[in-house]
Structure formats: structure tokens, C-alpha cells
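Colleague: Protein chains in written order, with my numbering: chain A, 1 to 341; chain B, 1 to 152.
In short, the hints are calculated from the structure, not lab data. Be careful, since some hints might not be right.
[To be verified] Simulated coverage check for chain A against chain B, where a stretch passes if three residues somewhere in it have a Cβ under 8 Å from a Cβ of chain B: (1) 111-123; (2) 138-151; (3) 311-317.
[Claimed, not checked] Computed from the model, here is a short list of chain B residues facing chain A with C-beta under 8 Å: (4) Val38; (5) Gly67; (6) Asn71; (7) Thr80; (8) Arg93; (9) Ala96; (10) Glu98.
[Said to hold, decoys possible] To give an idea of the chain B side of the interface with chain A (calculated C-beta under 10 Å), a few residues: (11) Ile26; (12) Leu65; (13) Leu69; (14) Leu70; (15) Thr78; (16) Arg84; (17) His85; (18) Arg86; (19) Ala87; (20) Asp89; (21) Met90; (22) Tyr94; (23) Met108.
The C-beta atom is built at its ideal place from N, Cα and C for all residues, glycine as well.
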Amino acid sequence: MSQQASPVDYERILRQTVDEILTRQQSGGSVFAPTRRIEEYINDFEVLSAQEENDEANLKEMPGVERLEPIEEELPIVGLDTSLATLGESDIGVVAAFRAAFMYSGIDRPPETFEYLAHFTERNRGIYSELRNVIGSPGTSTGSLDRMPYRIMNLLERIAQRRTCTQISNGIILWDGSLTRTMETSREMYEASFHIAQSNGNSIVSISKRSRLRLQTGEKITTYLDGRQGTSMAEIHNELPDEIKRDLLGRVHVVKFSDEGFTFRVDVVPSSGYDCCGAIRRLAGATSFAHGYPGVLRDAHIHAYFTAAEVTALQSLAMDRYGLQPAEMFDVRTHVFGPFG
Amino acid sequence: MLELTCSVPSGEANMQLLRTEGDFIILVYNPAREQVRVGESIAIIDRRERHGVVVQVVETSVPDLPGILLNIIRREATETEVIRHRAEDMAERYHAVENMKYARARIMRELQVGAEGGLHYERWTGYVPSRNVEFQTISERDLIGALRASRA
Numbered sequence: 001m002s003q004q005a006s007p008v009d010y011e012r013i014l015r016q017t018v019d020e021i022l023t024r025q026q027s028g029g030s031v032f033a034p035t036r037r038i039e040e041y042i043n044d045f046e047v048l049s050a051q052e053e054n055d056e057a058n059l060k061e062m063p064g065v066e067r068l069e070p071i072e073e074e075l076p077i078v079g080l081d082t083s084l085a086t087l088g089e090s091d092i093g094v095v096a097a098f099r100a101a102f103m104y105s106g107i108d109r110p111p112e113t114f115e116y117l118a119h120f121t122e123r124n125r126g127i128y129s130e131l132r133n134v135i136g137s138p139g140t141s142t143g144s145l146d147r148m149p150y151r152i153m154n155l156l157e158r159i160a161q162r163r164t165c166t167q168i169s170n171g172i173i174l175w176d177g178s179l180t181r182t183m184e185t186s187r188e189m190y191e192a193s194f195h196i197a198q199s200n201g202n203s204i205v206s207i208s209k210r211s212r213l214r215l216q217t218g219e220k221i222t223t224y225l226d227g228r229q230g231t232s233m234a235e236i237h238n239e240l241p242d243e244i245k246r247d248l249l250g251r252v253h254v255v256k257f258s259d260e261g262f263t264f265r266v267d268v269v270p271s272s273g274y275d276c277c278g279a280i281r282r283l284a285g286a287t288s289f290a291h292g293y294p295g296v297l298r299d300a301h302i303h304a305y306f307t308a309a310e311v312t313a314l315q316s317l318a319m320d321r322y323g324l325q326p327a328e329m330f331d332v333r334t335h336v337f338g339p340f341g
Numbered sequence: 001m002l003e004l005t006c007s008v009p010s011g012e013a014n015m016q017l018l019r020t021e022g023d024f025i026i027l028v029y030n031p032a033r034e035q036v037r038v039g040e041s042i043a044i045i046d047r048r049e050r051h052g053v054v055v056q057v058v059e060t061s062v063p064d065l066p067g068i069l070l071n072i073i074r075r076e077a078t079e080t081e082v083i084r085h086r087a088e089d090m091a092e093r094y095h096a097v098e099n100m101k102y103a104r105a106r107i108m109r110e111l112q113v114g115a116e117g118g119l120h121y122e123r124w125t126g127y128v129p130s131r132n133v134e135f136q137t138i139s140e141r142d143l144i145g146a147l148r149a150s151r152a
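The shape of chain B in the complex, shown without the other chains (with noise of 0.2 Å):
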């Protein structure tokens, strides 16, 4: 088994998991807040089980929100732009849920989180963490290390 001193954070995650297709963990989040690069590695661990996946960004793309579609059409079919009177958050929140992007990513490790906080690379056995998860994006060093370290 592996260490690695790598902290996750306690924060607040913006991230979120939206589900899982076999060996594919697809995440939503808002590119006004946080950048997700295709080929990054990310830990995502399980906040009560202490327990993850590193996944590797494979896509980033736009979901396709209920009602989306109307939104698109309405603005689309009218000539003339439209005059809107609404409190500026209202107007933020708009645009936030409708440019939310997804990624798809695929498993590469799993993670057990150390006593002190330490990231424990493994071979995956088929595990999925619930969506009550944090995230730490991975540097590319690190992970090679720790590939490198499993195959020594």
C-alpha cells in the first residue's frame, strides 16, 4: 500500500456526483467556479467512509436540463431582446444553473484516507462512492508517483 501526504479538504464542495456508469463517474459543476480540464486526475472521497476514486476527465460537455431546450427556443424566436426587470441574483442564478457543465470520468485507483488524512492508493475492486463527497483535483506528479510506487 501507498501514502501519499496529500490533504482533502473539509470544505464545502461545489462539486457534485451526478451518477455512475460502470467504470465512469459523471460530475456537475459550475464553470464560474471551478475549472475541470479534460485528462486531469481527481480524488473523490466518500465524506462518511473515509473512502474514493481517483478519476481520470475524460469529456466535459453541457447536460441536458429539463426545459433547457425552451429557454433556448424562447430566446432564439424573439427578435428583439428582451427587457427583463428581475433582482440581480435571480438573474445569476439563471445563468448559473443554465451554463452548468458536466465532465465524464473513469476510475482509475481507489482511496482509503489515512488516520492523518493521507491518501492510500489501491487497485479498484469495484467500489462507488455515495454523493456525499469531496473533491481534490491530483497532480499529475503525484499520481505517477503513486502508479509508479504500486507497480515496484
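Looking at chain A on its own, in the form it has when it is part of the complex (with noise of 0.2 Å):
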């Protein structure tokens, strides 16, 4: 007789077991240079993502364009943004915040956010193994430090994906950017979740506000909609090159989803029993749109954005968690360039 394993529990693991990881081994450094000076703080740490590099190709032809024709009903909906703080660097590493929100709609649920700080060095390096462990897709790190970070908020965003998966039923899962499997985020990684959100009635809907896609023409297909009238919707992922569309675990559509909104390359993975275009038709009729961008995942990007305050509260917190004294302000473009640097 077969034993049936018992699901995981994506809840205690972002609750307890993320931050019982991420806490190993932080101590050993005894200087902290903060990331940048309070004052010039900027809050953006979107980041040229491996999917893009993946994504650049043109298409083989201009794909056809239909009406998007909402379909208007209760539907559950659960959007999921990360963030990166990365706060500065120790004399033996680097320090770093994360922060997952969740945010919901159609259903009765306030938002959650997740949020953990961590002091990455040599000597923990097996902090991303153990976390690649944690949603079963076994794996080293072997870049650097300085590189850790964007590598752990990628894992920690893959483990956040699974758990909303399991949070809604017969609905749609909004997730940011695109299903495009990379060196850090395998098949089988996307594969895992997609089998999660339709074991539970789920489809999953990517949005990604940029893109690198382009038509023969040159023009991007983020604003290849831009000059038409009313909503509209086309796929486009037989149009993509076989070279593009075999790291492709979604179907790739473009979706204007409001009259005077932006266009979006949309990803979906389908629950079974609907197509892609009844999912993008589905969550154009359960939300409202800010410019054409689904309400649930700007509201998760407001919620898991670093302020400038947040920030300077972190980096204090990291000298007293790790023990380490402020080090002397240095930067090496002003002592070269002065006011120009």
C-alpha cells in the first residue's frame, strides 16, 4: 500500500522555518557600511531579472488581436509581490532585508506580509542550499556575496508562490513577472507550484511590466496595444521563437485589461476546465485596475516596497543584531568626480 505524503505546510515554513535559516551563523563581522546615505536613499531595487535576459527575441509575426470581454463573477484572487533591501556590507559580507506580501480579493482576508533580515557571510553560505531543500529542489551557491541576496529573494519569492497556491480555492493566483525557467528557477521548481494551484481549482496569472519581447516591427509588445481602443488581448506565444518558448512554462499573451491603460505581457498556466483566455477573462471581470495593472498586485507591491525610513530602522537593527560599529562613509566616485559624482 502506498503512503500518501503529507502536503507542505508553506505557512509554518515562511513563519518559522525561513527565518530559523536565514538567522544562522550572522555573527563574526565587526563593521557595517550602510548601502547609501539616508538622504539619497532610493527605494528601487527592480533589478534586470535573468527571465528578461531570457526573453529578448523578436516574433515571427504580428499576432491577431481580439476583444477582451470581461467575465463578470465572485472570484477569490491572491497577489503576491517580494522585495529586496539590500542594506549594506559588513567587513565579511552583506546585509540584507526581504519582505513578501499577499494581498486578496473576492474573498474575505486581510493582506500579510513576511519579513525577514539576514547577514549573509562565508561562513553561511549554506543558507541557500537549505532553502533550495525547503521546496525540494536541491542545489549550491557558487556565486558571490555580493550576489546572494538577489539569489535568496529569488528562492524566498518561489517558496511565497507555492504557499499561494494554497490559499484560494477555484480562483486566480496573480504572481509578478514572467514563467520563464532560468538558472536559479528549474522546470521542475515551476512545475512543483503550477501542480499545487491546480490540485486546488487554481490558474496562474503572471503580469510583467516589462518586457523584452519585441515584434518584427522593432516595437515592444508591452505597447504593441497601446493605440487601440477599449481592451483588447492577443497571444502570442506560437509567434515566439522555439529557442524562447522552450524555457516558456506559461502562454505568453499581451493584455490591455483597461480603456486607457498600459499594455502587459501576461503569462497563465490554466486550472483545468478553462483556457488561458477565460483565466485573463476571469480576472478582468474580479478587479479593479490602476492603469491597467491589477489592484491586488499593486496593493502587494505598496505593502512589500522598503521605505527610506524602513530602511535606516533596518540598518540600525543589523548593527545591533550582528554587533557591528558604524564604518566611516566612503565613496570612492565623490573623492574622483566630487559634485559630478
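Using the supplied hints, reconstruct the complex from the two chains, each of which is provided in its own coordinate frame.
Modeller: What follows is the structure, given as C-alpha cells:
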């Protein structure tokens, strides 16, 4: 008789396990240099992701466009966004903070955030492997310590995505970015998430604010529908080159969700019983949009965002937690370029 | 020159000197740890120079921290309370930074610290201390006594 594996408790993982792993072997440093001076701090950690680098391509043909007809129904929606704040460097590593924000629509449930602080050093490189094991995808960290926060952020996002798949039933899960496999996010990692989502009757809709996909004319696909009247959508998946398609794990569309809004790249993995267009139409009918971007995802971003005041607080906390003294501020650019630095 | 037998504490100062503006000094402090009242006098002593000023607090307020507007907007725009899963010390630190206060204080007198730690009050010459300072509240009685003596 085969024994059925018990479902993984992603709630407990985010609440407890991740923090336990991230707080291992944090001590040993002596000084701390904050990333920026507080008054110059700009919170924009959107870095060019590996996904987007993989996606640079031109479409083979112009895609057909259809009007987006919303399906109006009560529908549970959960949106997720994650954020990274690189707080500074110690003499032996890098200090960073992470936040994942979950927002809900169509169900009576308050927003939730999960937040972590970590000091990455050569001594605790194993954190990366441990977090990969949490989502059943073994691997080791061989990159530089400076890249460690981004790699950890990527893993945390995957764990948080898994949790979204279990939080609602027969609804839509909204993620930020594209569904493209990369060196760090394997096909298996994504497909395990899709399986959990579909077993709960959920469709995954992943929305990219930026994309490197272009039409043959050189026009970006994210502007393709911008001049059109009304809402519209186009499935472009079949027009993509094969070398791009093999890395795509959802069906790729461009969608203009609202009349005056922007166009977004939308990757879809529908639940059984629905097609991709159905999932997009259900989403269009069930939530509000801000400039064409789903309100649930916008709110998730707002709650994931680290403000400058929060970064200041976390920099101060990091020094106390890890026993670090403030280092003299030194910016080589200022010394070399003076006021033009 | 007058001498008062006030000792200057050598412990870790929590209050910070943010900047000077003419004969005003702006102090930043955490109201959870320190109380500053309008009207009270504070000795600000430069640790290295053993030289300082006495200031009288004329205003207390909340500083316009970078990003604080976003914190407030985010909180006000959210219809239901956010459930935050985070370490207790993280929550406390956010609270401390967001609730920092500043005090605007006018320079009243200049100070020299004597060999035994006594404070010698002098007319202000325009001197301002560095940010490496320690603070001590001066009682009204001591200050008035020093000012009276300086007129004698």
C-alpha cells in the first residue's frame, strides 16, 4: 500500500523555517557600511532579472488581436509581490532584508507580509542550499556574496509563490514577472507550483511590467496594444521563436486590461476546465485595475516596498543584531568626481 | 568665571545633535527613551574638546524623515489592518525610527568643563560643538544661579 505524502506546510515554512535558516551563523563581523546615505536613499531594487535576459527575442509574425470581454463573477484572487533591500556591507559579508506581501480580493481576508533580515557571509553560504531543500530543489551557491541577496530573494519568492497556490480555491493567483525557467528557477520548481495551484482549482496569471520581447518591426510587445481603443488581448505564444518557447512554462499573451491603461505581458497557466483566455477574462471581470495593472498586485507591491525610513530602521537593527559598528562613509565616486559623483 | 559642580555623564548618549542653525541647535531623540520638554535647559558638551553650550528647548516636533510620507500613505490607504509576520525587534525598530522626535533649542551660554568635571559658564562666543557630544539636563535652579552670578 503506498503512503500518501502529507502536504507541505508553506505557512509554517514562511513563518518559522525561513527565519530559522536565515538567522544561522550571522555573527563574526565588526563594522557595517550602509548602502547609501539615508538622504540619498532611493528605493528601487528592480534589477534586470535573469528571466528578462532570457526573453530577448522578436516575434515571427504579428499576432491576432481580440477584444477582451470580462467575465463578471465572484472570484477569489491572491496577489504576491516580494522585495529586497540591500542594507549594506559588513567587513565579512552583505546585509539584506526581504519582504513578501500577500493581498487578497474576492474573499474577506486581510493583507499579510512576511519579513526577514539576514547577514550573508562565507560561513553561512549553506543558507542557500537549505532554502532550496525547503522547496525540494537541491542546489548549492557558487556565486559571489554580493549576488547572494538576489539569489535568496529569488528562492523566497518561489516559496511565497507556493504558498499563494494553497491560499485560495477555484480562483486566480497573480504573480509578478514572467513564467520563464532560468538557471536558478528550474522547470521542476515552477511545475511543482503549477501542480499545487491546479490541484486547488486555481489558475496562475503572471504579469510583467517589462519585457524584452519585440515585434518584427522592433516595437516592444508591451506597447503593441497601446494605441487601440478599448480593452484587448493577443496570444503571442505561437509567434515566439522556438529557442525562447522551450524556456516558457506558461502561455504568453499581451493584454490591455483597461481602456486607458498600459499593455502588459501576461503568462498564464490555467486551471483544468479553463483555457488561458478564460482565465484572463475572469481576472478582468473580478478585480479593479490601476492604469491597466491589477489592483491586487499593485497593493502587494505597495506593501512589499521598503521605504527609506524602514531601511534606516533595519540598518540600525542590523548593527545591533550582528554586533557591528558603523564604518566611516566613503564613496570613491565623490572623491574622484567631486560634485559630479 | 563661575563654577558649578555638575558632573557630566560619560555614558552612552542616546540623543543626537543633528545640526546647528545660527544660535539654534537641532537635537534628535527617541521619546521612548528620553523626555524633552519645551523650556528645559540642556548642557551639550563636546567629548573631545570638553567644551560646550547650554541650550534652552523652544520647540519639539517630529522630523520629516525620508520615506515617512510613504509609510503614512500606505497605512492610511489600507482598509484592513495588515498581518505582519516579523521578528519583534524589527517591529520595535520601525516604531522607534518612525516616532523619532526633534527638539529645537536656543544657545544660552557657553561651557568649559573643569579638571574635576565642573561646568564653567561663559558668554556665548559663537562656538558650536561637534556631533560627538554628551548631554545633561541642567536644573532651573543651577542655571539661574549661574546667570545671577555672572551678572554680579
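Colleague: Output the indices of the hints that this structure fails to meet, ascending.
Modeller: 2, 4, 11, 23
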